[in-house]
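*Asks:* Listed here are the chains, written in short residue letters.
Number of protein chains: 4
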Amino acid sequence: MPTISSDYKLVLTAHKPAGTQIKINREESLGGPTFVTMAGPCTVEDEKQMDEVARAVKRGGASVLRGGAFKPRSSPYSFQGLGKPGLQMLRAAADRYDLRVVTEIVSENQIDLIERYADILQVGARNMQNYELLKALGRATKPVLLKRGIAATIDEWLSAAEYILAGGNEQVILCERGIRTFATHSRFTLDLAAIPIVKKLSHLPVVVDPSHAAGNNNLVIPLALAAVMAGADGLLVEVHDNPSTAYCDAEQALTPMQFLELSSRMRDIACGTGRVIY
Amino acid sequence: MPTISSDYKLVLTAHKPAGTQIKINREESLGGPTFVTMAGPCTVEDEKQMDEVARAVKRGGASVLRGGAFKPRSSPYSFQGLGKPGLQMLRAAADRYDLRVVTEIVSENQIDLIERYADILQVGARNMQNYELLKALGRATKPVLLKRGIAATIDEWLSAAEYILAGGNEQVILCERGIRTFATHSRFTLDLAAIPIVKKLSHLPVVVDPSHAAGNNNLVIPLALAAVMAGADGLLVEVHDNPSTAYCDAEQALTPMQFLELSSRMRDIACGTGRVIY
Amino acid sequence: MPTISSDYKLVLTAHKPAGTQIKINREESLGGPTFVTMAGPCTVEDEKQMDEVARAVKRGGASVLRGGAFKPRSSPYSFQGLGKPGLQMLRAAADRYDLRVVTEIVSENQIDLIERYADILQVGARNMQNYELLKALGRATKPVLLKRGIAATIDEWLSAAEYILAGGNEQVILCERGIRTFATHSRFTLDLAAIPIVKKLSHLPVVVDPSHAAGNNNLVIPLALAAVMAGADGLLVEVHDNPSTAYCDAEQALTPMQFLELSSRMRDIACGTGRVIY
Amino acid sequence: MPTISSDYKLVLTAHKPAGTQIKINREESLGGPTFVTMAGPCTVEDEKQMDEVARAVKRGGASVLRGGAFKPRSSPYSFQGLGKPGLQMLRAAADRYDLRVVTEIVSENQIDLIERYADILQVGARNMQNYELLKALGRATKPVLLKRGIAATIDEWLSAAEYILAGGNEQVILCERGIRTFATHSRFTLDLAAIPIVKKLSHLPVVVDPSHAAGNNNLVIPLALAAVMAGADGLLVEVHDNPSTAYCDAEQALTPMQFLELSSRMRDIACGTGRVIY
Chain A
1 MPTISSDYKL VLTAHKPAGT QIKINREESL GGPTFVTMAG PCTVEDEKQM DEVARAVKRG
61 GASVLRGGAF KPRSSPYSFQ GLGKPGLQML RAAADRYDLR VVTEIVSENQ IDLIERYADI
121 LQVGARNMQN YELLKALGRA TKPVLLKRGI AATIDEWLSA AEYILAGGNE QVILCERGIR
181 TFATHSRFTL DLAAIPIVKK LSHLPVVVDP SHAAGNNNLV IPLALAAVMA GADGLLVEVH
241 DNPSTAYCDA EQALTPMQFL ELSSRMRDIA CGTGRVIY
Chain B
1001 MPTISSDYKL VLTAHKPAGT QIKINREESL GGPTFVTMAG PCTVEDEKQM DEVARAVKRG
1061 GASVLRGGAF KPRSSPYSFQ GLGKPGLQML RAAADRYDLR VVTEIVSENQ IDLIERYADI
1121 LQVGARNMQN YELLKALGRA TKPVLLKRGI AATIDEWLSA AEYILAGGNE QVILCERGIR
1181 TFATHSRFTL DLAAIPIVKK LSHLPVVVDP SHAAGNNNLV IPLALAAVMA GADGLLVEVH
1241 DNPSTAYCDA EQALTPMQFL ELSSRMRDIA CGTGRVIY
Chain C
2001 MPTISSDYKL VLTAHKPAGT QIKINREESL GGPTFVTMAG PCTVEDEKQM DEVARAVKRG
2061 GASVLRGGAF KPRSSPYSFQ GLGKPGLQML RAAADRYDLR VVTEIVSENQ IDLIERYADI
2121 LQVGARNMQN YELLKALGRA TKPVLLKRGI AATIDEWLSA AEYILAGGNE QVILCERGIR
2181 TFATHSRFTL DLAAIPIVKK LSHLPVVVDP SHAAGNNNLV IPLALAAVMA GADGLLVEVH
2241 DNPSTAYCDA EQALTPMQFL ELSSRMRDIA CGTGRVIY
Chain D
3001 MPTISSDYKL VLTAHKPAGT QIKINREESL GGPTFVTMAG PCTVEDEKQM DEVARAVKRG
3061 GASVLRGGAF KPRSSPYSFQ GLGKPGLQML RAAADRYDLR VVTEIVSENQ IDLIERYADI
3121 LQVGARNMQN YELLKALGRA TKPVLLKRGI AATIDEWLSA AEYILAGGNE QVILCERGIR
3181 TFATHSRFTL DLAAIPIVKK LSHLPVVVDP SHAAGNNNLV IPLALAAVMA GADGLLVEVH
3241 DNPSTAYCDA EQALTPMQFL ELSSRMRDIA CGTGRVIY
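Chains as they are written, first to last, in my numbering: chain A, 1 to 278; chain B, 1001 to 1278; chain C, 2001 to 2278; chain D, 3001 to 3278.
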């Protein structure tokens, strides 16, 4: 177990022994008795896509719609997202199906814009140590979902969260999404031991993104179910109405049918988690 | 997904599409409809310890008793195991509770000795590429449990199994036990994506050792449950009647009470696995 | 060898077969016949420190003074740098000894400020995939030193550089500073194979930071000499006049005496490199 | 720096402050004032090959001929070596050019056989924790070259050496050959910081194998030169008279011409190492 570092204090369990709950809607809070599923495409592509995905994920029990409008891409020549029109499509689709919205923020200068359309602001793994962004999010009014960097220790991850709390925003959700290892059969190696460790050290809720860890939709369901049993408070899953045409991460997106299978299998094991799973 | 390598062929699904089942007892086969639990201490210490642990793991639904009599230890000054008297104690305790025996083999010269006392011969992670040992095990008459090396790719792991099959012994069980990564909050990082991948590529059954991956008994139950949901055919878990006095790996052993909690929680999710879990 | 990816093209050797040279002063260009040494403290602390370090590194043959005024720190409670007054001290000390200045930029909003004081803008490992920063640097007029992320592949590193070139700034220096591995005896593992590989793939100059890789000043000289022989075009080394009082990274800074020893040993092997080493 | 572990004591500097020197021939000892080069093919193939390689490496200043007769191969279907006839060819070629012989041992049952033909017994990375082999080597009369496992910490490596010393054989040479990391542009990542660390902790000589680390002959010379400057006592390099026809590791073998280039470049930097390099 990592020793408790003086690098952080506000994120520690001792600071808030009752645990942080982040209100999602009337029935659900992340970190509460209900398991929260967030699902949607990697990238917002068009209205029809968003409508179909939103309907599908709602039907599968999700309460939050994900989708990227500003995409951090390894290459400058890859599709960088639709920007503001993408945010509008995402919001409209979510509202139509009574879903909340989580979307990625990539610059300290985007806070006002993103807050206008999203309920949760996502920081991607590449920006986990973009401290100017974290400081700006400390002044945001919406919850922040902070992905773990692909080579971040738990100390570094909690220290990054501490930046946001120290800035005044106590609504932080941690997201394990796989670490980079020598193993190449999956895109990343999902580090599920991080869940019980972080939940012991910290009062913050922890969700898992099995899609980026897997890199292949054959692996998403087993990893998602494993994450549920390892103690995650929620999931962030990529779902696309037609993965073969997806603008990015086509291989790891679940089809609506596969997502329904996942949610059905999650309900089968709800009894073993002590939680409500829709 | 790894491309299928010409380094192996007998281990491939195409070679035995129905899958390999390894008979454990009248009701259970590894790779069959029943989930198989193997449990016991890291090291055989004395008769009383073995009796207490055997009774406890039997009560928790285990069908195989584990325990080491020949221990590969990082230091020459660490306890190296009781040797043959340890094998005798292990066998006697297992027989008393109608359990099968799995124990580690560390030399190509020990096959006759170990086969006399054990039902399954375990190859540890350090010896996964000790090819002289693998060749000798190809001529053994008992099943072999082959742990994945801490830095082995799936190709290397299946190639190691191929040595045993190519030698004439088709009774091989693969065991994922964690890989070495930069992460230090657990002893190793359990690579659960390896389970669906190996089960797709190969007809061999796959079990998971959450104890060595965890290195800490607080993490064993979440990782074990995660492994069940990721599709493992069985578990190999360390249980000690009094972990604080254990000769080795004291921190990662479950107490009998914790093992009962684990088995109870496994039964709660059996419905979600399509398997019988005792 | 990595296959050439379509993620980048402007950084490729084929785009500029003669190689990129980045003018440092009248005699020296990074990527040219002279080996370039950049040295200085982790953090700018005060005028006296900067004067002593600048004098020492000049005497040891350095032509660029390094020093941080904006520090990305893992914890919000660690010293974050002196900011603008730090930049002023750094510039003044450098000018006094006819040195150029390299310093870190941590926000897309700082370009004007940093360009006013520095000759080279450094992007730290944590920000290698902060694409908004990279895009802004594509519009900068000064050269950029781009450190490799601690878990970045060579493809990802070159793609990050491509963002800057695609934005219009062709003056990019790549800096290898160690990757995160399971090895804990050094802070990171210096990946020297990256040097010949990147120099073959790309026309950009490559320097090495042995200080962050080492994490311990006993290791800095051997790693620095190794980097010279692996083909680096220059070094970025931490030097502090009194490491025991340094605000950060105290353990890895060389003393002025150790820096003189390093530069003397580098000159001894200059004959083996085909370069001039001052 | 790793703390000194009670897992080992005989390997520690304090046990033999003057350092261990392993006599190679009249002029050279590993760990002494002369840098020792060991070179030769991955595998002994035939008499003509061995003669040509032996002549070439002698001309390039090598004093030890390497070549495998028993090859640990990932797949049972790969060429496993010529066995005893290979040892005979290796010995004959070495004797013709007054070279010593290093070759791999893969089983505790081979000690007598290998000792008859070799001057140094090599333990490969895969067998670094094959403790039965290490114990048997503790009773051998010839020096042992112990490669570091691809995921071994320095503590584990020194503990493995301790097995040999504790068994009575104090003639151990450590060999760094690269560790497995996420980086795929080289076969392994050469960990050169291990050299100064091990040389500080232990009295044993340390050599470097740049060929297995590189996996590609373009990288071998830069890595070899880097290893010299990082403080290695010697090198173990793959050389083949016609790499394109090599039975194994064809891509990483140097041609005789490349080996001459390497030895010439090593002599150019001898002045910077304080050693004689032939």
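These aren't lab readings, by the way, just hints derived from the structure by calculation. Using N, Cα and C, we set each Cβ at its ideal position, and we do this for glycine too. It is possible that some hints are incorrect.
What the hints assert, rightly or not - Just the calculated beta-carbon pair ranges, DEER-fashion:
no., chain 1, residue 1, chain 2, residue 2, range
1, C, 2013, D, 3077, 37 to 45 Å
2, B, 1141, D, 3109, 17 to 25 Å
3, D, 3055, B, 1014, 45 to 53 Å
*Asks:* Hint by hint, say whether it matches the structure.
*Replies:* Structure-based check of all given hints:
1. In this structure the supplied range 37 to 45 Å holds for residue 2013 (chain C) paired with residue 3077 (chain D), their Cβ-Cβ distance being about 39 Å.
2. Range check, residue 1141 (chain B) to residue 3109 (chain D): about 21 Å between beta-carbon atoms, so the 17 to 25 Å window is met.
3. For the pair residue 3055 (chain D) and residue 1014 (chain B), the beta carbons lie near 48 Å from each other, so the given range of 45 to 53 Å is met.
The structure is consistent with each of the numbered hints, conforming to all of them.
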